[in-house]
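Chain by chain, the residues run as shown.
Protein chains: 2
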Amino acid sequence: MELKLYVDRISQPSRAILIFCKANGIEFEEVKIDLAKKQHHFPEFAEVNPMKQVPAIVHGDFKLFESHAILIYLASAFPGVAHHWYPADVQKRAKIHSVLDWHHSNLRRGSVGYIFNTAVALALGLPANPQAAAEGEELMSASLAKLDSFWLEGDAPFLLGNSKPSIADLALVCEIMQLEFADEEDRERILGPHKRILKWIKDTKNATAPYFDEIHSIMVPIREKLKELKVQASEK
Amino acid sequence: MELKLYVDRISQPSRAILIFCKANGIEFEEVKIDLAKKQHHFPEFAEVNPMKQVPAIVHGDFKLFESHAILIYLASAFPGVAHHWYPADVQKRAKIHSVLDWHHSNLRRGSVGYIFNTAVALALGLPANPQAAAEGEELMSASLAKLDSFWLEGDAPFLLGNSKPSIADLALVCEIMQLEFADEEDRERILGPHKRILKWIKDTKNATAPYFDEIHSIMVPIREKLKELKVQASEK
Chain A
1 MELKLYVDRI SQPSRAILIF CKANGIEFEE VKIDLAKKQH HFPEFAEVNP
51 MKQVPAIVHG DFKLFESHAI LIYLASAFPG VAHHWYPADV QKRAKIHSVL
101 DWHHSNLRRG SVGYIFNTAV ALALGLPANP QAAAEGEELM SASLAKLDSF
151 WLEGDAPFLL GNSKPSIADL ALVCEIMQLE FADEEDRERI LGPHKRILKW
201 IKDTKNATAP YFDEIHSIMV PIREKLKELK VQASEK
Chain B
1 MELKLYVDRI SQPSRAILIF CKANGIEFEE VKIDLAKKQH HFPEFAEVNP
51 MKQVPAIVHG DFKLFESHAI LIYLASAFPG VAHHWYPADV QKRAKIHSVL
101 DWHHSNLRRG SVGYIFNTAV ALALGLPANP QAAAEGEELM SASLAKLDSF
151 WLEGDAPFLL GNSKPSIADL ALVCEIMQLE FADEEDRERI LGPHKRILKW
201 IKDTKNATAP YFDEIHSIMV PIREKLKELK VQASEK
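Those protein sequence lines, which keep their order, are chains A and B.
Residue 1 is where the first sequence starts when you use the UniProt record's numbering, and the numbers rise one by one after that.
Residue 1 is where the second sequence starts when you use the UniProt record's numbering, and the numbers rise one by one after that.
It should be emphasised that the hints constitute simulated quantities derived from the structure, not laboratory data.
The model shown is predicted, which means the values in this text are computed figures rather than measured ones.
Not one of these hints is a red herring.
With a straight-line Cα cutoff of 20 Å, these simulated DMTMM-like cross-link-like pairs (lysine to aspartate or glutamate) come out:
hint	chain 1	residue 1	chain 2	residue 2
1	B	K52	A	D148
2	B	K52	A	E153
3	A	K52	B	E138
4	B	K52	A	E138
5	A	K63	B	D89
6	B	K146	A	E44
7	A	K146	B	E44
8	B	K63	A	D89
9	A	K92	B	E2
10	A	K146	A	E135
11	A	K52	B	E153
12	A	K52	B	D148
13	B	K63	A	E153
14	B	K92	A	E2
15	A	K202	A	E153
16	A	K63	B	E153
Pulled out of the complex, with its shape left as it was, chain A reads as follows (with noise of 0.2 Å):
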């Protein structure tokens, strides 16, 4: 059964999905909805996602979106995912589902309102709301705080205990990663204290070898792209 990704790379949930498929060996095709041409709200792609938003997969003629819900369904749907990723245990999997549930009204929603009104406006040519930024950054740092000091327990890599990874920590470490599109010395300031996170981001990059870089690879263009266009708003 084919199974296409509907993807931009730029999109945090979009790598994690990638990155869980090259690890995972599951065979997929990349078709790229680029968010910068507006094509999430193409109507050839509202058939895909009504809610013309990415990721979204489409598996034989079984179609869903949301990255959370693509992650389970991968790590169900396809045999060969090794059982670390979403464990078969009622405990453990409803520790991954609180994880995640946390992440949208904290990590997640604290990061987009960040990177967008810092980087991702400017790209795009939209307007940014300074107020909206701070809020983002302010709600992005208390979850970085709950991170270091609740979900990441002790000594061990991953999170809640873990010594492999979940579907959870590479979504996580996912959006964090987009902090790679602010300036050096925001990412330093926000990410730098927490030296148990910068660990536990190694930690999930070496999991994944060599597919995360690879997938992230998009950002370092991106991210020199953003510089100038800082450098001409700051001029004008």
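With the hints as your guide, set chain B onto chain A.
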């Protein structure tokens, strides 16, 4: 194994969990965490949920928070729960996850912003933000339109074209019930145009009778109290 639910019935996800347990014959002890008395900030509750939010559960020595994760856990861990609440089929389950994930950033986010800033803040003596109320209403209305046109398909009484309710129906209907705290004309303006949603609320209520009304009965005196507070505030 003993099940304790840490809840406040004024919280919509708390109500969803209480109704779910009652409708499925799951025995539990209800531990009220009085939000108006800020009991969710008490140190003894941080032992249960370090995020200081209701609902949370303790089942034996297993602790869990985030209401969607709790509903999935209860449906999976208690063998008496009817299949339709959380089907075993991977694709049916994926669709339920998709609705629940969508809910986080849409209906729930809109509803919380709107109801907090038009009613709950007043009840708790906290400052309300009219702009956040307006943004909340806009997002809530857009979400109700998507429910009406997409998630509630054809003539099926429940979400995703189902003939029986799932945990997603319960979670989302309890969220919409929070509009009972709004002024009558506001509720009519927001919800009135959506006949399909009004029918769905009724169908969910009937499918979980008499527990739905029993658990929601707490809203009536609070709504009356809110009316009084609004009159007092307007006379100032």
